[in-house]
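Participant: Please arrange chain B on chain P, whose structure you already have, making use of the hints.
Sequences listed follow chains P and B, in order.
For the record, in the first sequence the residue sitting at position 143 is 126 according to our numbering, with numbers rising by one throughout.
Each number in our numbering corresponds to the 1-based position in the second sequence with 22 added.
Just so you know, these hints were derived from the structure itself, not from any lab.
From the three backbone atoms N, C-alpha and C, an ideal C-beta is built for every residue, glycine too.
The hints are all genuine.
Facing chain P, a subset of chain B residues (Cβ under 8 Å, in silico):
1) GLU186
2) ARG187
3) GLN278
4) GLU280
5) ALA281
6) ARG283
7) SER284
8) LEU285
9) MET287
10) SER288
11) LEU295
12) VAL296
13) PRO299
Listed here are the chains, written in short residue letters.
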Amino acid sequence: MEKILEIKNLHKSFGGTPVLTDINLSVYEKEVVCVIGSSGSGKSTLLRCLNLLEYPDSGKVYFAGREITAPGVNVNRLRTEIGMVFQSFNLFANKTVLGNLTLAPRRVLKMDKKSAAEKATRVLESVGMADFAGRSPKTLSGGQKQRVAIARSLVMEPKIMLFDEPTSALDPEMVGEVLSVMKGLAAAGMTMIVVTHEMGFAREAASRVVFMDEGKIVETGPPAVIFNNPRAERTRQFLKRTLPPA
Amino acid sequence: MTGAMPGKNRYPNISAVLLALAVIVFTVKTVAAPRSGISLYGELPLWARLIPGIFALLGAAAWFLPSFGKIKKYVKPALVILLATQIAEHVVFPVVDTYLSVRDLTRIPEQGKFLDSMVYIASRYWPDFLRGLSVTLRLSLAGTVAGLLLAIIFVFFRTLPVGERDGEIAVFLKRSGNFLVKTYVNVFRGTPMMVQAVIIYYLLPVALAALFKVPQAEVDKIFTLMTAGFVVVTLNTAAYLTEVLRGGIEAVDKGQLEAARSLGMSYWQAMRLVIFPQGIKNALPAICNEFLINIKDTSVLNVIGVAELFFVAQDAKYQYYRTYEPFIIAAVIYLVVTLSTSRLIMAIEKRMNLEVKELPSSN
Chain P
-16 MEKILEIKNL HKSFGGTPVL TDINLSVYEK EVVCVIGSSG SGKSTLLRCL NLLEYPDSGK
44 VYFAGREITA PGVNVNRLRT EIGMVFQSFN LFANKTVLGN LTLAPRRVLK MDKKSAAEKA
104 TRVLESVGMA DFAGRSPKTL SGGQKQRVAI ARSLVMEPKI MLFDEPTSAL DPEMVGEVLS
164 VMKGLAAAGM TMIVVTHEMG FAREAASRVV FMDEGKIVET GPPAVIFNNP RAERTRQFLK
224 RTLPPA
Chain B
23 MTGAMPGKNR YPNISAVLLA LAVIVFTVKT VAAPRSGISL YGELPLWARL IPGIFALLGA
83 AAWFLPSFGK IKKYVKPALV ILLATQIAEH VVFPVVDTYL SVRDLTRIPE QGKFLDSMVY
143 IASRYWPDFL RGLSVTLRLS LAGTVAGLLL AIIFVFFRTL PVGERDGEIA VFLKRSGNFL
203 VKTYVNVFRG TPMMVQAVII YYLLPVALAA LFKVPQAEVD KIFTLMTAGF VVVTLNTAAY
263 LTEVLRGGIE AVDKGQLEAA RSLGMSYWQA MRLVIFPQGI KNALPAICNE FLINIKDTSV
323 LNVIGVAELF FVAQDAKYQY YRTYEPFIIA AVIYLVVTLS TSRLIMAIEK RMNLEVKELP
383 SSN
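So here's chain P without its partners, still in its complex pose (with noise of 0.2 Å):
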């Protein structure tokens, strides 16, 4: 399979404190990686990284064949092939959902409004939000909202979706209508890094877990292997507080 995204010794850190220190993954076409390890271990800030949200001090990251951190690469094109899930939603407040669905691809693809519109109709059919085109963001379930602001990265047509903590901020019962739409995404071949607490999920459809602590990657493995076989002492601490007893 082709390597997608490589990262390579990165470094970061925000005002002296080191946040990721010497990170190195490879991610694979088609391949689902959840990210897992408590808060406050760099987990978000390493996905941020990646679409330049935040810029690593030290270290590459190539995507598709590309250098994205070397100077003078066009961040704006470049992030309309990495879609991204904010834990918080983020639905543009001022447009309806339609709206928040055809805003990019008008204003970066320059697509026309008649062909945006239809194809961002497509997409919402496929999350299950199509009869919700004309409302505000703000009248929508937190389920609702997710599975709309996923459905706007997805209209981009991306390579690689990155979700952070896509379902903290839901109510338990919204959880599942989000986790069966991403599970429908890694399904249809979707590239996908997802940074969870939901066990549950990267046991399920993961096909690599990453666990990370203080700002380091502890451990990469199969979601057999790390939850029933760790081998570092911290992932088996971790997992012992998190995972219900079997």
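Facilitator: Same frame as chain P, but now just chain B:
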């Protein structure tokens, strides 16, 4: 609603009681000091003049009696109608009477006759007051709109973030843009508009003529009093609205910008299409308030001789040698205009919120 539901409204409705009280007070006035001249109640016998007061007493009492439930809802409209006739009797008719008595006078009534003097001045000087009001409204509306447009440009520079990957030149430009706008805002918010008016009116044309090397007369032709007033109001408003807009923009959730950028929009696109619309909406009540403030504050432009409402009142003062009557007329006009404008703005704001709730079908 009042009185419609049995068991509710046992307590007197406060506005009904106030209405009843007002009617009673006017009834006493009608009985004690009946008017001569044009009058509704003047020719009526004493018992007829007492009817409004008695009705008001009974009406107020009705709120305490549960069995009166059905007629309660008629009491308040009836009280309003009665009060309207009494206001006509004691406020409108006296003014009309006074107008008729001063209509054919050739000289203003003597000092002590306050109402007569006011009606005399108003009846002769109203075209000037109207012209002054028109200048006031035009200046404040045009100044607020132009100031808002200027503020939108300024606030863009004021909120430019310095990114960690910006080159030295970009950082320098952003910092100096920010500094210039901050200085502008401080200067214009930290000095009275009256002082700004004088400086701009007397200094700017001279400076412009020197700068562009054109004769002073040419500049003066363009830089009229109205232009000067417009420039002053615009620059002043822009300073206040820059800060108002900055507050509105900073109240927009940071995630909105991140989401826009993560979809590949440039900073400028994200600000223009996502952040500014929300920020301006946040600031809308304060922007409307600035318009109301401008209606009142354009009065300081009298210092350079702009013929707005206050200036006209001052003119009337010199014309009739009366110190406060013209200003009371001006105050009444200002009050009517600001109150009705604020009502209008409130109605528009309410409607805009409703529209959001009703959910537009598509953008």
